[in-house]
Amino acid sequence: MDIRTLKREWFSNVKNDVLAGMVVGLALIPEAIAFSIIAGVDPKVGLYASFLIAVITAFFGGRPGSISAATGAMALLMIDLVKDHGIEYLFAATVLTGLWQVLFGVLKLGRQMKYVPRAVMIGYINALAVLIFLAQLPQLTNVPVAVYILTALSLGIIYILPRFTKAIPSPLVALAVMTLAAIALKLDVPTVGDMGELPATLPFFALPQGPHTVETLQNILPYSLTLAIVGLLASFLTAALVDELTDTPSDKNQEAKGQGLANIITAFFGGMAGCGMIGQSVINVQSGGRGRLSTLASGLFLIFAILVLKDWVSQMPMATLVAVMIMVAIGTFRWSSFKNLPRIPRSETAVMLTTMIVTILTRNFALGVVTGIVMSTVFFSNKIAQLVFVDQVLSADRSHRTYTVAGQIFFLSRDEFLAAFDFTELLDRVTIDLTHAHLWDQGAVEVLDRAVLKFRRNGTEVEIIGLNEASATLFNKLAASPTDVPTQKP
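So the number in the numbering used here is just where the residue sits in the sequence shown, counting from 1, plus 165.
It is possible that part of the hints are untrue.
Distance windows between CB atoms, simulated [said to hold, decoys possible]:
(1) THR378 to PHE434: 20 to 28 Å
(2) TYR280 to ASP593: 17 to 25 Å
(3) LYS180 to THR542: 39 to 47 Å
(4) LEU345 to SER512: 46 to 54 Å
(5) VAL271 to PHE434: 19 to 27 Å
(6) TYR280 to LYS331: 53 to 61 Å
Because the hints were derived from the structure by calculation, they are not lab data.
Computed from a predicted model, the values in this text were never measured in an experiment.
Heads up, the beta-carbon is just placed ideally off N, CA and C, and yes, glycines get one too.
Given the sequences, and given the hints that come with them, work out the whole structure.
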């Protein structure tokens, strides 16, 4: 890393990065506790993970300003592993998860993010915003009236204060003011301390204690691979969103390696696997965080808060954190995606809505994204299949017809391809010119072969010309008609 990059990524926005990191660090505490409970482990497992992953990815991640920590998406995948085999197997699986992610980074699989359509990303982001909001509702159900008042006042501070000053992030001001108010007025409202006991010591190094056998590897392998894929998908989407919000690029392959290294180290210090967090990253960016220092500050302030400010943090009203997360949900949701519906192609709208609905209903981000990608692939393939054009010219003596084909020929374009030929016409010779076409798969070879055989059954001589080398090789390997097809001349 050269001096210019070091200054840009670490020291170009020091005050805002530190303050934004403080906001994120406080917001991470109840979430880390909640995710630990979901996974069936002690709250300190999620808190230690959030601290370590944030610090390590600050140095080794590929997206400055992005926040990584323990997440709900990863916690959901750990439930059965912890229940069936215990926490030591979770630590071992976390190590293997990190190794998978480092391998994916070395193999440069991060560049595959370009194959995730924008409609899928928007659907994913919108679903996340909705789920973040829905996750706050239990904190607003069957609670004292004071909770609603604190939430409303916190939202007021968050949205009104920036109109007067942006010297300090408004969520941090809301957290400080509402905590002091709750303590001073002795309000009986749910607090962070009610979520679970905060740890009193720093994490310490320890090897996973499970049996080091092939059976153990067989048990943790499927979990670790799933955790690695889901974690990288979430991290890549988080990085892509921060790219968009800050108008700066990220290194997805370095992000994969950084996430993997963070998970490996975390497992040896009693933490669970984590990944990129869109919600917390949005908090960071909206609070002014841009550089790696903001990510580092979030991790360091989290551990400082639970060890040094433990008494104060435990009295922090959940209502104010709910208000911060509502701000995140509102800021994360892509409202323009609905405003622009009349101008967006229907296929993209269908993909966006399907990704969003599947993710919300199943609470499975990987399933939602995969569903969206499959739908996009089907729609795209269908469009390409229709872009097959066949021109035809009949010779002066009406004995020879030339068909000139342009487009991509594959399994979905077979019907359009065959429909362009008149197999009942009495001709001596037919030429099929494929100079402007490409054969992509076995289906393309099969339909071209069928056309040749149909003409020959009627006594018509067929000549195929203009195939590029790849198409000609494929045709000669798979075609049933014994024809040596010439390739295009270079």
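Okay, the hints, checked on the actual structure:
Checked against the hint of 20 to 28 Å, the pair THR378 and PHE434 passes, with Cβ atoms roughly 24 Å apart. Separation of TYR280 from ASP593 is about 48 Å and departs from the stated range, judged on CB atoms against 17 to 25 Å. One distance hint, 39 to 47 Å for the beta-carbon pair LYS180 and THR542, holds here, with the actual separation near 46 Å. Look at LEU345 against SER512: about 53 Å separates their beta carbons, and that is inside 46 to 54 Å.
Judged by the Cβ atoms, the range 19 to 27 Å given for VAL271 and PHE434 holds: they are separated by roughly 24 Å. Our hint of 53 to 61 Å for TYR280 and LYS331 is violated, since their Cβ atoms are close to 38 Å apart.
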